[in-house]
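Undergrad: Let the hints inform the model, and build the full structure from the sequences given.
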Amino acid sequence: MTDDAQITAWALAAGRGDRDAASRFIRATQQQVRRFLAVLISPAEADDLTQETFLRAVRALPSFAGRSSARTWLLTIARRTAVDHVRAGTSRPRTVPMSDRYDSPDLARDGFDRQVVLERLIAGLPAERREAFVATQVLGLSYAEAAEVCGCPVGTIRSRVARAREDLVAAVDSRDRRAERRGGSTAG
Amino acid sequence: MGCEQWREVLSAQLDGEESPEERAGADRHLAGCGDCREWFDRAASVTRRARLSVSAPGPDLTGVILDALPTRARRSRRARLLLTLRATLGLVGAIQVVLGLAQVGRAAAGPHLHAGGPLASGHLWHEAAAWNVAVGAGFLFVAARRTPPTGLLPMLSAFVATLVLLSVNDLVTGRVDTTRLVSHAFLLLGYAIVVAMSRPGLRPGGPTPRGVEDEPRWRIHVEDEVPAPGLRLLPPPHPGTARHRDRTAA
Numbered sequence: 069m070t071d072d073a074q075i076t077a078w079a080l081a082a083g084r085g086d087r088d089a090a091s092r093f094i095r096a097t098q099q100q101v102r103r104f105l106a107v108l109i110s111p112a113e114a115d116d117l118t119q120e121t122f123l124r125a126v127r128a129l130p131s132f133a134g135r136s137s138a139r140t141w142l143l144t145i146a147r148r149t150a151v152d153h154v155r156a157g158t159s160r161p162r163t164v165p166m167s168d169r170y171d172s173p174d175l176a177r178d179g180f181d182r183q184v185v186l187e188r189l190i191a192g193l194p195a196e197r198r199e200a201f202v203a204t205q206v207l208g209l210s211y212a213e214a215a216e217v218c219g220c221p222v223g224t225i226r227s228r229v230a231r232a233r234e235d236l237v238a239a240v241d242s243r244d245r246r247a248e249r250r251g252g253s254t255a256g
Numbered sequence: 017m018g019c020e021q022w023r024e025v026l027s028a029q030l031d032g033e034e035s036p037e038e039r040a041g042a043d044r045h046l047a048g049c050g051d052c053r054e055w056f057d058r059a060a061s062v063t064r065r066a067r068l069s070v071s072a073p074g075p076d077l078t079g080v081i082l083d084a085l086p087t088r089a090r091r092s093r094r095a096r097l098l099l100t101l102r103a104t105l106g107l108v109g110a111i112q113v114v115l116g117l118a119q120v121g122r123a124a125a126g127p128h129l130h131a132g133g134p135l136a137s138g139h140l141w142h143e144a145a146a147w148n149v150a151v152g153a154g155f156l157f158v159a160a161r162r163t164p165p166t167g168l169l170p171m172l173s174a175f176v177a178t179l180v181l182l183s184v185n186d187l188v189t190g191r192v193d194t195t196r197l198v199s200h201a202f203l204l205l206g207y208a209i210v211v212a213m214s215r216p217g218l219r220p221g222g223p224t225p226r227g228v229e230d231e232p233r234w235r236i237h238v239e240d241e242v243p244a245p246g247l248r249l250l251p252p253p254h255p256g257t258a259r260h261r262d263r264t265a266a
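Chains as they are written, first to last, in the numbering used here: chain A, 69 to 256; chain B, 17 to 266.
Note that these hints are calculated values from the structure, not bench results. Backbone N, C-alpha and C fix where the C-beta goes; we use that ideal spot for every residue, glycine too. Warning: the hint list may mix true and false statements.
Derived contacts from chain B toward chain A, CB cut-off under 8 Å, selection only [as the list claims (entries may be wrong)]:
#1 ARG23
#2 GLU37
#3 ASP51
#4 TRP55
#5 ALA59
#6 THR63
#7 ARG65
#8 PRO75
TA: Rendered as structure tokens:
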């Protein structure tokens, strides 16, 4: 992965009108932005929202002063895009598609499916916790950077991440217990 | 401190964001609390899995985004044009004010030959000077402000139209010298700029030429959209999960 300083340098050059730097900047950051948006809104809309985020970002690039890292700055724009998207009412209320395959007993044994289940559980977290958890764990931001992206104090990020972890541990626990019960009854 | 607070510290510890004192305290707590030890292990494993999760990379959007960039070039060209117009208008306004003041000065200095006749020599001359100053001030105001100059437009249009008609008439009847008419050129130039600036495409601070394309305006209407239940009589399916809260919040 490209480091933050390099990305920031590209962003600054792109702000001065360097098209080449702009394309490098986009190429280096788009997967993270898409990932963030996929969790904040939904994977199906992530591509469109990523595009919108970058259009906004590119427009705002000339005013990017490099006070924070370009990655943090960009993720802040991504988050704002997501918020606007929800506010504009173009997004259906978030429902978590857990029901259909969720209860099948084999899932817990298969590593890949475990992963899918975990992602669904993350998707089921309340918005604020989900945002904090994904920013710090999946995107690898520090608490301070995540606080900047979410526009809240560092302590808030810290407690949201902790709550998210508690939710996930509890959810995985209850899942495992139910899977065990069910596995036992079908085997017997 | 209860287990709840220690778990927040433990969570921070998993991210390497705890302070040394917190770490020492948490270690002491873990030594004495089996539940938290177990929770810590589970939290660590969930965290590991969450960090490991790899999503398939999506399509490369670089080309699409860069293709949309010419709008930015157009936008900055538009900004430059607007700046030029405003600078010119400011200059024209200043000249107009100076011309008006000079007119007052010349009237004070001595008799003039503008329109001839007894009426023109006195107050009418001053009134015309006041108009020139006023128009100049109007131009300066539009140039300095970033608001659309719509209010000024009808007044200026009437003024310019009347002046043009009268000037033509005076020219035909030979009642005006050409140097005086040349000074009207500034007025015409300023008027043209004000008209240009009140067009929606150039309006300072107005909507972008393309309208509100920034946000998608469509919305999918789904027939079988399930209304959120107002009352929940059954307990949420997963104790302690966020699902329930998320749903009601959505």
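Undergrad: Is the hint on B:ARG23 kept, meaning its closest Cβ partner in chain A is under 8 Å away?
TA: Status holds, d = 6 Å.
Undergrad: Can we keep the B:GLU37 interface hint, with Cβ of chain A closer than 8 Å?
TA: Not OK, violated: B:GLU37 not within 8 Å of chain A, min 15 Å.
Undergrad: Answer holds if the nearest beta-carbon of chain A is closer than 8 Å to that of B:ARG65; otherwise answer violated.
TA: The hint holds - B:ARG65 has a Cβ within 8 Å of chain A, the shortest such distance being about 5 Å.
Undergrad: Would the hint on B:PRO75 stand, with a C-beta cut-off of 8 Å toward chain A?
TA: holds (7 Å)
Undergrad: Against chain A, run the beta carbon of B:TRP55 and see if the smallest gap drops under 8 Å.
TA: holds (6 Å)
Undergrad: Using Cβ atoms only, decide whether B:THR63 comes closer than 8 Å to chain A, and label the hint accordingly.
TA: holds (6 Å)
Undergrad: Report holds or violated for the interface hint on B:ASP51, using the least CB-CB distance to chain A and a cut-off of 8 Å.
TA: violated (11 Å)
Undergrad: Holds or violated: is the Cβ of B:ALA59 closer than 8 Å to a Cβ in chain A?
TA: holds (5 Å)
Going down the numbered hints, you'll see the structure goes against 2 and 3, while the others check out.
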